[in-house]
Amino acid sequence: MTEDTLLEVRNLTLDIPAGGGTLHAVRGIDFDLKRGETLSIVGESGSGKSLTSLALMGLLGNSIKRSADVMRFDDIDLLTASRKTMRSLRGNRMAMIFQEPMTSLNPAYTIGDQLMEALLLHRRVGRAKARERAVELLEKVGITSAGSRLGQYPHQLSGGLRQRVMIAMALMCEPDLLIADEPTTALDVTIQAQILRLLVELTREMNMAMILITHDLGVVARVADKVAVMYAGELVETGPARPVFARPSHPYTRGLLRCIPQPGKTARGADLGTIPGIVPSLIGDVTGCAFRTRCAHAQPTCRKQIPVRGEVPHQFRCVHADGAISAERETA
Amino acid sequence: MLPFILKRLGLALLVAFTVSFISFSLLFLSGDPAAALAGETASGEDIEAIRTLYGFDRPMMVQYGEWLFSAVRGDFGESYYFKLPVASLITDRLQVTMLLGLCGITFALLTAVPLGVAAAIRPNSMIDRLALFLSVAGQALPSFWFGLILIVLFSIKFQILPPSGAESWRHFVMPTIVLGYYAMPAIMRLTRAGMLDVLNSDYIRTARAKGAGEGRVLFKHALRNAIIPVVSLAAVQMGFMLGGSIVVESVFALHGAGYLAWESIARNDLPTVQALILIFSMFYITFTFLADVLNAWLDPRMRSA
Numbered sequence: 001m002t003e004d005t006l007l008e009v010r011n012l013t014l015d016i017p018a019g020g021g022t023l024h025a026v027r028g029i030d031f032d033l034k035r036g037e038t039l040s041i042v043g044e045s046g047s048g049k050s051l052t053s054l055a056l057m058g059l060l061g062n063s064i065k066r067s068a069d070v071m072r073f074d075d076i077d078l079l080t081a082s083r084k085t086m087r088s089l090r091g092n093r094m095a096m097i098f099q100e101p102m103t104s105l106n107p108a109y110t111i112g113d114q115l116m117e118a119l120l121l122h123r124r125v126g127r128a129k130a131r132e133r134a135v136e137l138l139e140k141v142g143i144t145s146a147g148s149r150l151g152q153y154p155h156q157l158s159g160g161l162r163q164r165v166m167i168a169m170a171l172m173c174e175p176d177l178l179i180a181d182e183p184t185t186a187l188d189v190t191i192q193a194q195i196l197r198l199l200v201e202l203t204r205e206m207n208m209a210m211i212l213i214t215h216d217l218g219v220v221a222r223v224a225d226k227v228a229v230m231y232a233g234e235l236v237e238t239g240p241a242r243p244v245f246a247r248p249s250h251p252y253t254r255g256l257l258r259c260i261p262q263p264g265k266t267a268r269g270a271d272l273g274t275i276p277g278i279v280p281s282l283i284g285d286v287t288g289c290a291f292r293t294r295c296a297h298a299q300p301t302c303r304k305q306i307p308v309r310g311e312v313p314h315q316f317r318c319v320h321a322d323g324a325i326s327a328e329r330e331t332a
Numbered sequence: 001m002l003p004f005i006l007k008r009l010g011l012a013l014l015v016a017f018t019v020s021f022i023s024f025s026l027l028f029l030s031g032d033p034a035a036a037l038a039g040e041t042a043s044g045e046d047i048e049a050i051r052t053l054y055g056f057d058r059p060m061m062v063q064y065g066e067w068l069f070s071a072v073r074g075d076f077g078e079s080y081y082f083k084l085p086v087a088s089l090i091t092d093r094l095q096v097t098m099l100l101g102l103c104g105i106t107f108a109l110l111t112a113v114p115l116g117v118a119a120a121i122r123p124n125s126m127i128d129r130l131a132l133f134l135s136v137a138g139q140a141l142p143s144f145w146f147g148l149i150l151i152v153l154f155s156i157k158f159q160i161l162p163p164s165g166a167e168s169w170r171h172f173v174m175p176t177i178v179l180g181y182y183a184m185p186a187i188m189r190l191t192r193a194g195m196l197d198v199l200n201s202d203y204i205r206t207a208r209a210k211g212a213g214e215g216r217v218l219f220k221h222a223l224r225n226a227i228i229p230v231v232s233l234a235a236v237q238m239g240f241m242l243g244g245s246i247v248v249e250s251v252f253a254l255h256g257a258g259y260l261a262w263e264s265i266a267r268n269d270l271p272t273v274q275a276l277i278l279i280f281s282m283f284y285i286t287f288t289f290l291a292d293v294l295n296a297w298l299d300p301r302m303r304s305a
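Top to bottom, those sequences are chains B and S.
The first sequence maps to residues 1 to 332 in full-length UniProt numbering.
The second sequence maps to residues 1 to 305 in full-length UniProt numbering.
Extracted from the complex, chain B is given alone in its bound form (with noise of 0.2 Å):
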């Protein structure tokens, strides 16, 4: 662990009881994350992104159990840490976005309080600082005449602007990791834009790291330092945001770069790529290369330990030592 580096996870699992077995949600995943830089978490519904994040915050439910070596977040053992020093720190130290912004904020209450609220419960500040911050980051967050925002409710803004509001909420004690858990995903198109860029700018403003998860690689590829793709609860490929782009090495990486329209590359009127089948089931135990079910490089193999491939930092999970790009590039 390096001087700045603000968050470190090892190995960490998680379990879910499910009907008679266990659904392996997480299995073993690494990361670490200094200050000021942006992961990426990608990966389809249901591949684990959210629940990780979760986990993070110490926000999972009762019934799931989470395991690790190593889970630090600056000095804090976040695997030992009391209830009341992870809500000292959540809101605080840690804040978190989520992605419905329709449904995020609490109907009955301003956004004044709203806002106010995460300051109250962590900082020593009367009410009058409280509201001058949140006129502070509501026009940070690029929301006009923010002064008189204090006083509508939730059911007043459109959904662009109460992403903003989020943010803004999440921003407010300075925290030194931000987690936006899909940020965009329910926002119109042009909106998507515009909270990604004030997203990207907060962070280098304030030094702040930043978890985006998220399943769209357009965002990731505009956004990130660093790419964690995910594939049903494990990491298949991990690295620095340029070389995975540009030499993506896992059979499930390529396989999500060709599902998006590349401007220039993708000719007009061409079939973009799909992957065929479905994620599989994670309950019971779980051995080998969970994509080998719709990967078309699948071999006996696959069913045994994977290694993992690669120089540090751009690392990958697969059994063929080049990732199967040169059997893709026969086929084609």
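Just so you know, these hints were derived from the structure itself, not from any lab.
Model, not experiment: these values are computed from the prediction.
Where a beta carbon is used, it is the ideal one built from N, C-alpha and C, also for glycine.
Incorrect hints may have been included.
[Stated by the list, open to error] These stretches of chain S come out as covered by chain B in the derived footprint (C-beta under 8 Å, 3 or more residues):
1. 201 to 208
2. 219 to 225
3. 290 to 300
[Said to hold, decoys possible] Reference excerpt, derived from the structure (chain B facing chain S, CB under 7 Å, subset only):
4. 59
5. 87
6. 91
7. 103
8. 105
9. 121
Given the coordinates of chain B, assemble chain S onto it according to the supplied hints.
Quick look at chain S alone, frame taken from chain B:
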């Protein structure tokens, strides 16, 4: 908020006016009031004499107008049976009934809401099962039987509470429990369902992500949203308790308005019945209005409605 209150107030007055007309005309539809008043052995001439004496021969709209005009000034005419002004007859009885109703709903809310919240925090726990048992028992126990059991226990066996009358607060303990227990199950189940729903909502997760403690999450963020349907239900039940506490009043010999209504119907005491119907419906309308205002205060989205 003020335009909302004025709008609701206007609506309430309109409803009150309609109800007064319907309740007045219903009594005419139920048969010839003069014949009923004269009794079974009366001759045709007697009935006609009574008809003229009480003014039943005039057009109904005239009678209604006259009755309503007096009623808003607090004059409901004279009781056929007691030969007393209805207003003074009702005032005494109403005090007993209102006291009982207020105690009953307070008891119901003070037990049902905390139980419902506790049950929702830990679904399927011991406390949830206990609450479910209490509510099923509350719905299954007939009030008169439950009342009698209490009398047997506390008045006869332990002799700590008086079995009947309305002289002191101790006379109201058992009637309050019986009346309140009847209203409790619905309030409790609704509180539990509302809390379960709200506790799973996104904004509760947001509150936790902000670092709010459990108490703050439960009572500031969740309960305010979960209690809204309970407010509406409690208003209806409160109205029901005032008009429908006849059974409880009979068991404990509390001479309240419910008991008077039952007596007056049996005696064909028309002015008393009309006055009571009007007053009971006014209570309903008032409580519903108050519940609407309270809900609009709790939930800003309702203020525009």
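How the hints compare with the structure:
1. Only when three residues or more bring their CB closer than 8 Å to a CB of chain B does the claim for the region 201 to 208 of chain S stand; here the count is 7, and the claim holds.
2. As drawn, the region 219 to 225 of chain S meets chain B at 3 residues by the rule of a beta-carbon pair under 8 Å; at three or more, the given contact holds.
3. Using a Cβ-Cβ cut-off of 8 Å, 3 residues of the region 290 to 300 of chain S lie near chain B, which meets the minimum of three, so the contact claim holds.
4. Annotation: interface hint on residue 59/B holds; nearest CB of chain S at approximately 6 Å, less than 7 Å.
5. Interface restraint check: residue 87/B against chain S, minimum CB-CB distance 5 Å, threshold 7 Å, status holds.
6. At about 4 Å, the closest approach between the beta carbon of residue 91/B and any beta carbon in chain S falls short of 7 Å, and the interface hint on this residue holds.
7. The criterion of a C-beta within 7 Å of any C-beta in chain S is met by residue 103/B, whose closest approach is roughly 4 Å, and the hint holds.
8. Interface hint at residue 105/B: satisfied, since its Cβ lies 6 Å from the closest Cβ of chain S, which is below the 7 Å cut-off.
9. With 7 Å as the threshold, the beta carbon of residue 121/B comes within range of chain S, its nearest partner Cβ sitting at about 5 Å, so the hint holds.
Violated hints: none; the structure is consistent with every hint.
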